[in-house]
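With the sequences and hints as input, model every part of the structure.
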Amino acid sequence: MVLVFAESPDGKIKKASFEAVTYGKKIASLLGCDCAALIIGQADGSDQLGLYGADKVIQVSNTILDNFDSQTYTATIAQVANNIGAQTIVVGHSSTGRSLVGRLAAKLEAAVISGAKTVPTNDGGFKVAKNVFSGKAIAEFTLNTPMKVISLMGNSIQPEEIGSTVAIEQMDVQVNPGRVTVRERKTVSGTVPLPEAELVVSAGRGMGGPEKWQIIDDLANSLGATTACSRPVADTGWRPHHEHVGQTGVAIRPNLYIAIGISGAIQHLAGVSSSKTIVVINKDAEAPFFKNADYGIVADLFDVVPKLTEAIKEYNSINA
Amino acid sequence: MKILVCISKTPETTAKISFSSDSTQLDTDGLQYIMNPYDEWYALVRALELKEKHTGTVTVINVGPAANDSIIRKGLAIGADDAVRIDAEPSSSLFVAKQIAAYAKDNAFDIILLGKESIDYNGSLIGGMVAELMDLPYISYATSLELEGNVATLNREIEGGTEVCEVSTPFVVSAAKGMAEQRIPNMRGIMMAKKKPLNVVAADGSDNLEVVSAYNEVPKDRSIKYIDADNMKELVRLLHEEAKVI
Ligand SMILES: Cc1cc2nc3c(=O)[nH]c(=O)nc-3n(C[C@H](O)[C@H](O)[C@H](O)COP(=O)(O)OP(=O)(O)OC[C@H]3O[C@@H](n4cnc5c(N)ncnc54)[C@H](O)[C@@H]3O)c2cc1C
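Quick note, the sequences are listed as chains A and B, same order. Be aware that the first sequence starts at 1, since it is given in our numbering, and climbs by one per residue. Be aware that the second sequence starts at 1001, since it is given in our numbering, and climbs by one per residue.
Hints listed in this document are in silico derivations from the structure and should not be mistaken for laboratory results. Take the hints with a grain of salt, since some may be wrong.
[As the list claims (entries may be wrong)] Computed list of lysine to any residue pairs in SDA-like fashion (alpha-carbon distance at most 20 Å, straight line):
1. A:K12 - A:E160
2. A:K107 - A:I84
3. A:K291 - B:D1221
4. A:K313 - B:E1234
5. A:K313 - B:L1238
6. A:K127 - B:A1214
7. B:K1196 - B:E1052
8. B:K1016 - A:L31
9. A:K186 - B:G1160
10. A:K117 - B:S1213
11. A:K186 - A:D172
12. A:K276 - B:H1240
13. A:K127 - B:P1219
14. B:K1051 - B:K1196
15. A:K307 - A:D284
16. A:K186 - A:S263
[Claimed, not checked] Listed next, the stretches of chain A that the computed footprint assigns to chain B, with coverage defined by at least 3 CB atoms under 8 Å from CB atoms of chain B:
17. 27 to 40
18. 125 to 131
A virtual CB, placed ideally from N, CA and C, is assigned to each residue, including glycine.
Next up, the structure:
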């Protein structure tokens, strides 16, 4: 059995959890077994888990788990895995999943791969690939034990409607109170968080200062994109730290990455080069980023960005 | 306050990554190494700041061969009081975590700090593993850590925002950007580091739970199309019809 933890922070199943369930089902098919999804506490949207591949949906409700603590969640997932005889456990490579993946592997003495991006193959060993060296290379890992723990990088596969609706079963677990108390969760509403964003508009030192970011926000808004920035931009406080992408920032792999006034240093590219399509806007035709782009515009960003925004708006109005 | 900081060795950030001809090994020829930036800039520096404020000691620990000593000495030069190297080739993540946990269990640390991930295999695994092996709370991707007595308040990165949480020592925490600012070791620090203790401890056991069986290049199938700045309509058309991303 494959067990997928379908997380529901703030009470709602995320797209990443549907991706994980489809992924889990593909592993189950490979291994010739079933795929179970686990939800903890409130999980709006859990009626869809069957549709995306879960053969079984298990719900654990326990007030101790209302508060996220990697220790209580690990204990819960491990017990459910044990109860249903699961040997492969899948979580998303999210802030929650990253807190769990190492703990689970240690608890279960399992082989582990975090941030996996391919569906495993089972030819001469159970093999899964992930990006390594912050996106500079890909490594295929062979997991050598029957017990396996995998965290799935977001946006690696799309949720597929490969199953049908299943009923939700309740399961009890024994869990001791945790020692971490969550006081507050502060999220910016209205925008898709960077690691999950499909469209990203990013700007660098070419902006010359924080005052003119409105043109970036306007472009992002016209696309429904999330904004990002290069490291020096975050370091000098022009933009918040969580927008910093690259080797030492957030690694992303959106469908579209628009890089504006960013030179394309190797450390920047490391975190963004897995993007499906890259558009580069830079006034220097020699900027290294052009070697890693699908579409390039050699021009002054202050001139071209508003024009691009206009063109997107026009497109939106026709396709609305 | 006794703090343990786990440090690892990674290729420097501008390194070009290449492999052996059969793609099963990393080509380490000419590779330059550094201390993993998250361990150095955020975990170690925050540990030193906590020590400066609350008194105590900071120990750095690395699982690796003697060749790692220069990186460990750098940790001492930045300000750690002493260092431990568990003498082994790091194999699986769990192997490394077990070595660290075994050492930490006997030494009653209040806080175990490490970077949010290493920039080589980007595993983000060791912190959680050490915590699980030691039955400790674990807070990942923390961007701040303040102590009041033995109660810590931490901010940690979540999708699109921050979570504020509280935990009492002892605990394990992985540090992300925002936790501290990089410190460059000065001459005095470098001189003093030579005299600070670096204890070498034998490793226990070995395993190969998971292994890298092949490396691959990142597909570079991009060929650029230039578009005139006055023709953004064309770019939008291409993004829609050709790239199919909008
Ligand atoms: C250990 C280490 C880790 C690092 N990690 C990261 C990381 O994670 N992420 C990251 O981004 N960087 C990282 N860096 C920094 C990286 O090396 C570069 O310094 C940084 O990416 C450069 O940022 P930038 O492209 O915004 O600025 P610059 O390199 O200064 O580039 C600005 C670009 O804007 C263009 N420009 C200027 N004016 C205009 C205009 N009016 N119109 C159009 N174009 C214009 C210029 O031609 C230039 O190409 C790291 C460095 C080190 C040493």
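So, going through the hints one by one against the coordinates:
With a CA separation close to 19 Å, the supplied pair K12 of chain A and E160 of chain A stays within the 20 Å bound. The straight-line distance between the Cα atoms of K107 of chain A and I84 of chain A is roughly 17 Å, inside the 20 Å bound, and the hint therefore holds. Between K291 of chain A and D1221 of chain B, the direct Cα distance comes to roughly 11 Å. Compliance with the 20 Å bound is thereby established for this hinted pair. Of the supplied pair hints, the one linking K313 of chain A and E1234 of chain B holds, its CA atoms being roughly 14 Å apart against a limit of 20 Å.
Taken as a hint, the K313 of chain A and L1238 of chain B pair is honoured in the structure, with Cα atoms around 15 Å apart against an allowance of 20 Å. Note on K127 of chain A and A1214 of chain B: the hinted pairing holds, with a Cα-Cα distance of about 10 Å set against a maximum of 20 Å. Under the criterion of a C-alpha separation no larger than 20 Å, the hint pairing K1196 of chain B with E1052 of chain B is consistent with the structure, at around 18 Å. Among the hinted pairs, K1016 of chain B with L31 of chain A is inconsistent with the structure: their alpha-carbon atoms are about 37 Å apart, more than 20 Å.
At most 20 Å may separate the alpha-carbon atoms for a hinted pair to count; K186 of chain A and G1160 of chain B meet this at roughly 8 Å. In summary, the hint linking K117 of chain A to S1213 of chain B is supported, as the alpha carbons are separated by about 16 Å, within the 20 Å threshold. This hinted pair does not check out: K186 of chain A and D172 of chain A have alpha carbons roughly 31 Å apart, beyond 20 Å. Taken as a hint, the K276 of chain A and H1240 of chain B pair is honoured in the structure, with Cα atoms around 13 Å apart against an allowance of 20 Å.
Simply put, K127 of chain A and P1219 of chain B have alpha-carbon atoms about 19 Å apart, close enough for the 20 Å limit, and the pair holds. Distance hint between K1051 of chain B and K1196 of chain B is fulfilled; the C-alpha atoms sit about 17 Å from each other, no more than 20 Å. For the hint pairing K307 of chain A with D284 of chain A, the CA-to-CA distance comes to about 19 Å; that is within 20 Å, so the pair holds. Taking the CA atoms of K186 of chain A and S263 of chain A, the gap is about 32 Å. The hint is violated against a cut of 20 Å.
Here the region 27 to 40 of chain A counts 0 residues with a CB under 8 Å from a CB of chain B, which misses the bar of 3, and the coverage is violated. Under the rule that three or more residues need a Cβ within less than 8 Å of chain B, the assignment of the region 125 to 131 of chain A holds, with 5 such residues.
Comparing the model with each numbered hint stated earlier shows that hints 8, 11, 16 and 17 do not hold.
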